[in-house]
Every structure is written in C-alpha cells, then in structure tokens.
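> What follows is each chain in one-letter form.
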Amino acid sequence: MLATATNVLRIHPEKCTGCLRCELACSYMQTGTFHPAKSVIRVSPFEGHTSYAPYTCTQCAEGWCMTACPVGAITINAAGAKDVLDDTCVGCKLCTIACPYGTMFYDPDTRKAFKCNLCGGAPACAEACPTAAITYEGTATEDWLGEFARVRSARVLAGVR
Amino acid sequence: MATRHVVIGGGTAGMNAIRTIREEEAARSEITLVSAEKPYSRMVLPYYLDRSIAESHVFTATPRVLADWGVKAHLGRRVTALDAKANACTLDDGTTLEYDDCLIATGSSAVRAPVPGADGRGVHSFWTLDEARAVLAEIAPGSHVVMVGAGFIAFTILNSILALGAKLTIVEMEPRILPRMIDDAGATLVEGWLAKHGVAIRTGARLATIEDAKGRKRLRFAAGGDIVCDVVIMATGIKTNLEWLKGSGVTINRGVIVDDHLRSSVPNVYAAGDIAEGRDLITGEPAVHAIEPTAQEHGRVAGANMAGKDVRYRGSLIINIVEVCHLDVASFGAWDEAKAEAASGVKPDRPAYRKLLWRGDRLTGAIILGPSSDIWTTNDVGMLKGLVQSGVSLARFKAYLKRNPFDIKPAFIASKTTSALLPETILGRPSKAPGNTPVAV
Ligand SMILES: Cc1cc2nc3c(=O)[nH]c(=O)nc-3n(C[C@H](O)[C@H](O)[C@H](O)COP(=O)(O)OP(=O)(O)OC[C@H]3O[C@@H](n4cnc5c(N)ncnc54)[C@H](O)[C@@H]3O)c2cc1C
Ligand code: SF4
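Sequence order for the protein chains is R and U.
The first sequence begins at 1 in the working numbering and counts up one residue at a time.
The second sequence begins at 1001 in the working numbering and counts up one residue at a time.
Hints should not be assumed to be uniformly reliable.
In the PhoX-like style, the derived pairs of lysine-lysine whose C-alpha atoms are separated by at most 25 Å in a straight line are [stated by the list, open to error]: (1) K1339(U) <-> K1398(U); (2) K1214(U) <-> K1196(U); (3) K1085(U) <-> K1072(U); (4) K1038(U) <-> K1339(U); (5) K38(R) <-> K15(R); (6) K1038(U) <-> K1072(U); (7) K1246(U) <-> K1085(U); (8) K1347(U) <-> K93(R); (9) K1072(U) <-> K1309(U); (10) K1416(U) <-> K1347(U); (11) K1402(U) <-> K1309(U); (12) K1347(U) <-> K38(R); (13) K112(R) <-> K1409(U); (14) K1038(U) <-> K1432(U); (15) K15(R) <-> K1416(U); (16) K1196(U) <-> K93(R); (17) K1432(U) <-> K93(R); (18) K93(R) <-> K1398(U); (19) K1167(U) <-> K1214(U); (20) K1432(U) <-> K112(R); (21) K1167(U) <-> K1196(U); (22) K38(R) <-> K1409(U); (23) K112(R) <-> K38(R); (24) K38(R) <-> K93(R); (25) K1398(U) <-> K15(R); (26) K93(R) <-> K112(R); (27) K1085(U) <-> K1309(U).
To list a few chain R residues with every Cβ distance to chain U over 10 Å, as calculated [to be verified]: (28) E14; (29) G18; (30) C19; (31) G32; (32) D86; (33) T103; (34) A122; (35) E127; (36) T131.
So the derived label-pair ranges between C-beta atoms look like this [said to hold, decoys possible]: (37) K1239(U) <-> L85(R): 32 to 38 Å; (38) L85(R) <-> K1339(U): 26 to 32 Å; (39) A78(R) <-> A1088(U): 31 to 37 Å; (40) A1195(U) <-> T110(R): 26 to 32 Å.
It should be emphasised that the hints constitute simulated quantities derived from the structure, not laboratory data.
Backbone N, C-alpha and C fix where the C-beta goes; we use that ideal spot for every residue, glycine too.
Here chain R stands alone, though its shape is the one from the complex (with noise of 0.2 Å):
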C-alpha cells in the first residue's frame, strides 16, 4: 500500500469570501508575477455571485496527466504533487485533455503546460487565506465542493425555466 502521508490541499468553500488573495499569491509562486490568469487555483462564484470557492487539482490517485504525458513530463514531487517539468514538456497538451478535473493549464508564451504542484510542499494559496478556507493537511482528498456547489445552484437554475 502507498503510504499517505502527504499532506492535500482541503477546501472549506461556505469559508471563502472571494478576495481572489489566493489566485494572486499562486500566480506570484508559479511565475513570479501577480497575475490571476496565471493562477492554477481558480475562484468561481456560484449562485450569481453571492458565493464563491476555490478550485483546484485534486493531486488524483491516477493521475491522469502524468499516465497521459507521451514524454514522461509529469513526475511526482517531494509533496506528492503531480508537477511538470518544464525542461521535458513539448507542450503537447495532452494532459490538458486527459484530466477529467480541469485543473491542467497551458502557457501559450513558454508552451508548456502547467499546474498545481502543491508549491513543493508549502501552498502560498493556504498561506495567503485570510479566512483559512484553503488549509493543507494531512489528510485524504475529497470532493470539497460538491455539495456547496449543488445547494448553491437552485437560483441560477430556477432562472431557466
């Protein structure tokens, strides 16, 4: 058995407020700029924004990015993260279709993918939370956005009838 002693990344969305604090101090790890877009944690609001919750890689046991990647550029890092290395990526994106999360991005100006990869092993995003609605801990990963999400639908879909 693979020893899960590595910490995720756990969600308490009725806890975000939507300050977008977490995209910017992600884009400033990742890339070195304050650039949300370049964020691979993403904020969405529900319910015609009156809510909102982070979205991000789920570090998925199969990992489909990595299994999916033709040249072997998807490893998993120190953190237990699946992380590019941007040296190997031909920019194929591939894991961009084979993720069933959403959660692999494309660098159109260094054509690489890019994604999660838990910072190494200290999130800037749990770091950056002023409300502790993003936490790292050691504990196993969970669909931490589904049920919110569900009862925060009933207005945006009441409108289409």
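Position chain U with the ligands against the provided structure of chain R, taking the given hints into account.
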C-alpha cells in the same frame, strides 16, 4: 522458470506494457521486445519538426534504459509470423522466439492516396521518425508545402510547418476539413481561422496525379487548377499493421479483437493500442481507437494482466485535441452521433464553439473550440472529458447547459463529478511516476 513475455512493437502501447509488467510482477520475468523501430513517441514528432526539441527527445527508452529494465531488445527487427498454437513467433532474420505470453502492439502505418506519383521524390508521409527526418530536411523558409488530407494528423503538424517559415496549402477530398474530428459548424470556424492566418485550403479537391515540374512538384486535380509546390505531405489516412498476423490463429476484424483484459481470442496473446479492437467506453461496442491515450491505457492494462494481476478495462474514450495558430480544437466520445440530442453555442468573433451531445441525462460527446490563450477553454476541455468519462447524471443542469453551453464549470462541480471521478484508476491503484520503473538487480 521465469515467465517469458514477448512484446511485439515498442511504441506507446508496448512501452507502457513493459513498464507496467515491471511495476506489477511478483517475481522477475523475462521480457523480450521486438520492434521495427526504436521506442519513441510518434505524437512528439511535430515538436521535432518545428525544431523546438532535439531528435533525442522523442525516444521513450534508450538501449541503456531497456537494459536497466532487464529487457532483451531486438530493435530494427520485424516479427513476420505468429504461431499461437506453438507459442512462438518468427523474426525477419529467421530467429524464433518462444513465449509464455505475448503482446501484439504493432500500431499502424500511413497510407498514401493511390494516385500516380504518390511514391515520387518530394512526396512524404508523416508517421515515423524517418519520415519526419525526411520532411524536415526538405522544408526551408519560403518553401511551399502542400498537405494532402485535412484530418487530425495533418493538423498536428500544421503549426510546425508554419513555424519553419513555409507557405502551406491544404487540399482535402471531402467538402470540409477535419471530417472525423469535428462537425460542420466547427470546421467552418477553423477554416475561417486558418484563412486569416494565411493557410490556403481547397476542399472537395480530388487529387489526380503528382508530377515532377522542373525540380518542383505539380499536383493535378480532377477539377480546378494545378498546384505547384516544393514538398508534398500525404496525410491521407492510416492502416493497422495486421498483415503479419494472417494464419496466426488470432481473431481479427478491423483490428485484433480483445476482451476486457486486452486478451485476444487466444488467451495468452494480448493486443494493445492502434492494432487492438476493444470496447468503446461510450457505445460499449468494439472499436479501433488509434489515439495515444488508448494505447497508453491498453498497454498498462495488458501489462498488468501479463504480470499476473486481474485488471478489467472499462473501455476507451475517444479524445482528441489539436492547436492550430493558437486556436484549440477538441472533441470527445460520441461527438458525431447523429441520433443524439445536441445543443450548441457559438461566439463567431473569438472564435469559440461548444457542442454538447446527450443520451438521457448523460453527456456522451462534446466538441469545443476556443482561443488557447483563454484559460476557460483549457479548463472546459478537461471538464468536458470528465463529464463524458464519468457519465454523471446532469439531470438538474441539462436544460441550463443546453442554453448555456459555455458555462460548464458550475454544472461539473454541482453534479459532484469530482466524487464520481476520485475513486477511478486504470490499474486499481495509484499510478506510479515515470522513471520509477523497477530496474534489474
Ligand atoms: C505526427 C503524429 C501526431 C500524433 N498526434 C497525436 C495526438 O496529438 N494525440 C493522440 O492521441 N494521438 C496522436 N498520434 C497517434 C499516436 O501516436 C498513436 O495512436 C500511438 O502511437 C499508437 O501507439 P501504438 O503503440 O499502438 O503504436 P505505435 O506507437 O505506432 O508503435 C508500433 C510499433 O510497432 C513497430 N512495428 C510495426 N510492425 C512491426 C512488426 N511486424 N514487428 C515488430 N515491430 C513492428 C513499429 O515500428 C512501432 O515501433 C499522432 C501520431 C502521429 C504520427
Ligand atoms: S503538454 Fe507537456 S506535460 Fe502535458 S502531456 Fe504534453 S508534454 Fe506532457
């Protein structure tokens, strides 16, 4: 005595199988690889063509790595016959290899349009490393390249040809481009986009002959004017490499028929990748899916079963993505099912397009087009795959999605697609990182 595995074909499926055998086996087995080419990934060739990577980058295992994995390799050799009754195969140098089980993973090869001149100088396929080398040697800045065929493979090298500074014309027999990857509406957007980026497209064009013309090439058509160019690339389809299996005793239809353990009609003969005809995840019917992810999954499942595990495969999902001049184009599953309930949305100026296909409350196929600089395109690409792959019920969101096909994410999250996906693994355990294959001791 150690189990003797013979792997025939060292492409994507074969190499994934070998790595998985080493990961899964309880006792060290003997692995012999026979491959007409050295192990490399075909789908990386476009990046070799545009010179963004060195040739060495395409290889998936060097002789040194194969030795580390304890693989006895016959590279540059072909298997010419399989005798399933005798548990043996014969190579083109006369060698006979006996096995306890074997994997057929010989993939496919390119087919050229059957016209006079198709085999002439300056006319190429683009399927193997050798062919990629030949094309690269002939394209110079300012060259005029004509691509015959506007299918997926043609599109995977389109950016590379433009990046080399060549002028590109695409000719296609069918009335439109990408006939087996996207629908008419999507194709119209892509054609408009390519025209804007200086790519000439001629559809409904039936090639008649290719002739030499003072050191250049002249293409004549059944109707319409000739085209004179420097290099012709024939991206006119592929065929499965099956011929050598005649008389082997293995049941063949469009490919080698395999069960949910990737076993052929002969229990100790497996098949994987482009050559295999296995279950389609969406239709449940046997199908040949000549794509990289199918070859990877097939190879891993076959490898695990050859190593003595009991791994059932759920079936493969057609997924294709290609970027042309910074426009992402992708399709999933049963995107072309005529009977499916469909809804689509288009933003012609971006351009962006979404088409969702339904069977009841389940998404069974999708098409997506959008600028690759738009992160929502990339995120939606993944989520659409997740929705089609997991088959979650979208009952609550169906009417909403039909009206708002660009708003995938809330439906994905609130339908608890993540819950459905998290337990899913191909081998029934967490995947191992590449490079962690156990080496010989
Ligand atoms: C330019 C290009 C771009 C592509 N882009 C994509 C993409 O973006 N996405 C995608 O999903 N797919 C893509 N593909 C398709 C993908 O590469 C194939 O689906 C995949 O390689 C199939 O793997 P395979 O192991 O079945 O066969 P292959 O990788 O073709 O391997 C077969 C191996 O068997 C060997 N062989 C053949 N006959 C014999 C014999 N008789 N004896 C011994 N060895 C033999 C061959 O030499 C080869 O090494 C692309 C292909 C090309 C050419
Ligand atoms: S884009 Fe890069 S990391 Fe992703 S599959 Fe292709 S080569 Fe691998």
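> Does K1072(U) lie within 25 Å of K1038(U) when you go C-alpha to C-alpha?
Holds, because 13 Å separates the two Cα atoms, which is no more than 25 Å.
> Does K1214(U) sit within 25 Å of K1167(U), going by the straight-line distance between their CA atoms?
holds, 19 Å
> Quick check on a hinted range of 32 to 38 Å for K1239(U) and L85(R), using CB atoms only.
Between K1239(U) and L85(R), where Cβ atoms are some 35 Å apart, the hint holds.
> Can you confirm whether the C-alpha distance between K1402(U) and K1309(U) stays at or below 25 Å?
violated, 43 Å
> Starting from K38(R), check that the Cα of K1409(U) is at most 25 Å away, please.
Holds - the C-alpha atoms of K1409(U) and K38(R) are around 18 Å apart, at most 25 Å.
> Taking only the CA atoms, is the gap from K1072(U) to K1309(U) under or equal to 25 Å?
holds, 23 Å
> For the pair supplied as a hint, K38(R) and K15(R), is the alpha-carbon distance within the 25 Å limit?
holds, 23 Å
> Has the given pair, K1038(U) with K1339(U), been kept, meaning a C-alpha gap of at most 25 Å?
violated, 44 Å
> Next pair to validate is K112(R) with K1409(U); report whether the Cα-Cα distance is within 25 Å.
Given that 25 Å is the threshold and the Cα spacing comes to 23 Å, the pair holds.
> Hinted pair, alpha-carbon criterion (25 Å max): K1347(U), K93(R). Please report holds or violated.
holds, 23 Å
> Verify this label for me: A122(R) is non-interface relative to chain U, using a Cβ-Cβ cutoff of 10 Å.
Correct as stated: the minimum Cβ-Cβ distance to chain U is 21 Å, above 10 Å.
> CA of K38(R) to CA of K93(R), is that 25 Å or under?
The given pair, whose Cα atoms are some 16 Å apart, holds under the 25 Å limit.
Checked against the numbered hints given earlier, this structure breaks hints 2, 4, 10, 11, 18, 25, 33, 38 and 39; the rest are met.
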